[in-house]
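Peer 1: Those protein sequences? They're chains A and B, same order as listed.
Note that the working numbering numbers the first sequence so that position 34 is 34, with each residue one more than the last.
So the working numbering is basically just the index in the second sequence, starting at one, shifted up by 120.
FYI, nobody ran anything at the bench for these hints, they're computed from the structure.
Since this is a predicted model, take the numbers as computed values, not measurements.
Hints may be right or wrong, so weigh each one.
[As the list claims (entries may be wrong)] In silico contact screen, one side only, chain A against chain B (beta carbon under 10 Å); selected entries:
| hint | residue |
| --- | --- |
| 1 | I4 |
| 2 | K7 |
| 3 | F33 |
| 4 | Q37 |
| 5 | L45 |
| 6 | G52 |
| 7 | S88 |
| 8 | S89 |
| 9 | I90 |
| 10 | S94 |
| 11 | Q109 |
| 12 | P113 |
C-beta atoms are modelled at their ideal positions from N, C-alpha and C, and glycine is treated no differently.
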Amino acid sequence: SAVISQKPSRDICQRGTSLTIQCQVDSQVTMMFWYRQQPGQSLTLIATANQGSEATYESGFVIDKFPISRPNLTFSTLTVSNMSPEDSSIYLCSVEGALAGGRISTDTQYFGPGTRLTVL
Amino acid sequence: GESVGLHLPTLSVQEGDNSIINCAYSNSASDYFIWYKQESGKGPQFIIDIRSNMDKRQGQRVTVLLNKTVKHLSLQIAATQPGDSAVYFCAENRLSGGSNYKLTFGKGTLLTVNP
Numbered sequence: 001s002a003v004i005s006q007k008p009s010r011d012i013c014q015r016g017t018s019l020t021i022q023c024q025v026d027s028q029v030t031m032m033f034w035y036r037q038q039p040g041q042s043l044t045l046i047a048t049a050n051q052g053s054e055a056t057y058e059s060g061f062v063i064d065k066f067p068i069s070r071p072n073l074t075f076s077t078l079t080v081s082n083m084s085p086e087d088s089s090i091y092l093c094s095v096e097g098a099l100a101g102g103r104i105s106t107d108t109q110y111f112g113p114g115t116r117l118t119v120l
Numbered sequence: 121g122e123s124v125g126l127h128l129p130t131l132s133v134q135e136g137d138n139s140i141i142n143c144a145y146s147n148s149a150s151d152y153f154i155w156y157k158q159e160s161g162k163g164p165q166f167i168i169d170i171r172s173n174m175d176k177r178q179g180q181r182v183t184v185l186l187n188k189t190v191k192h193l194s195l196q197i198a199a200t201q202p203g204d205s206a207v208y209f210c211a212e213n214r215l216s217g218g219s220n221y222k223l224t225f226g227k228g229t230l231l232t233v234n235p
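Let's have the full structure, built from the sequences with the hints guiding it.
Peer 2: See below:
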């Protein structure tokens with residue numbers, strides 16, 4: 001599986017500000033995703049980060065609130081904009097389809113360690 | 121079973137016992153299922169997967185059973201150890217809008233292993 005890192009690992013932010021979370025993979029992958037996990041809850045998909053084009057957002061999530069970039073096959077960012085306390089969550093990136101020697105691996109998703117965000 | 125709000129289903133076992141964690145899924149068209157383990161403060165970790173053309177798959181100390189008739193998935197952990205204490209999520213991979221597949225996660229089960 002790929003090694004996935006996220007920055008920052010945690011942050012405490014003031015309401016009305018924005019935070020950009022970075023996700024870096026140690027190998028090229030076809031798919032990258034962003035999830036939100038609210039305290040004590042399961043994971044909810046925010047969007048699929050598409051390389052070279054606009055992200056595909058799930059119902060209830062919009063680009064103005066969660067702009068996403070994916071400039072290449074190993075890196076993506078998620079910005080949480082104009083934050084409110086309701087945005088306090090763990091934000092997770094995941095990857096799928098590692099490219100290794102031209103052979104695409106299974107469609108299993110592997111997750112980063114998460115970014116724990118608290119908004120005051 | 122299902123949970124409401126912030127209350128996860130919980131399972132408490134003694135070290136050395138076998139654990140069985142259950143999951144019901146909703147979409148009969150789902151063709152791929154994954155179990156993840158999430159320890160406190162960490163991201164979900166892949167444990168084992170199974171495709172819909174199988175009803176059983178075994179890994180190291182873990183077995184996943186799939187019953188498509190009743191849309192039920194279970195994870196069996198043999199000789200449970202304190203390090204197995206975590207929240208366990210099942211996830212189903214289902215077609216969502218055209219040709220895109222999407223992982224949908226269950227609510228999770230908190231496993232506590234007592235020494």
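Peer 1: List in ascending order the numbers of the hints, as given earlier, that are violated by the structure.
Peer 2: Hint check: 2, 6, 7 and 8 fail, others pass.
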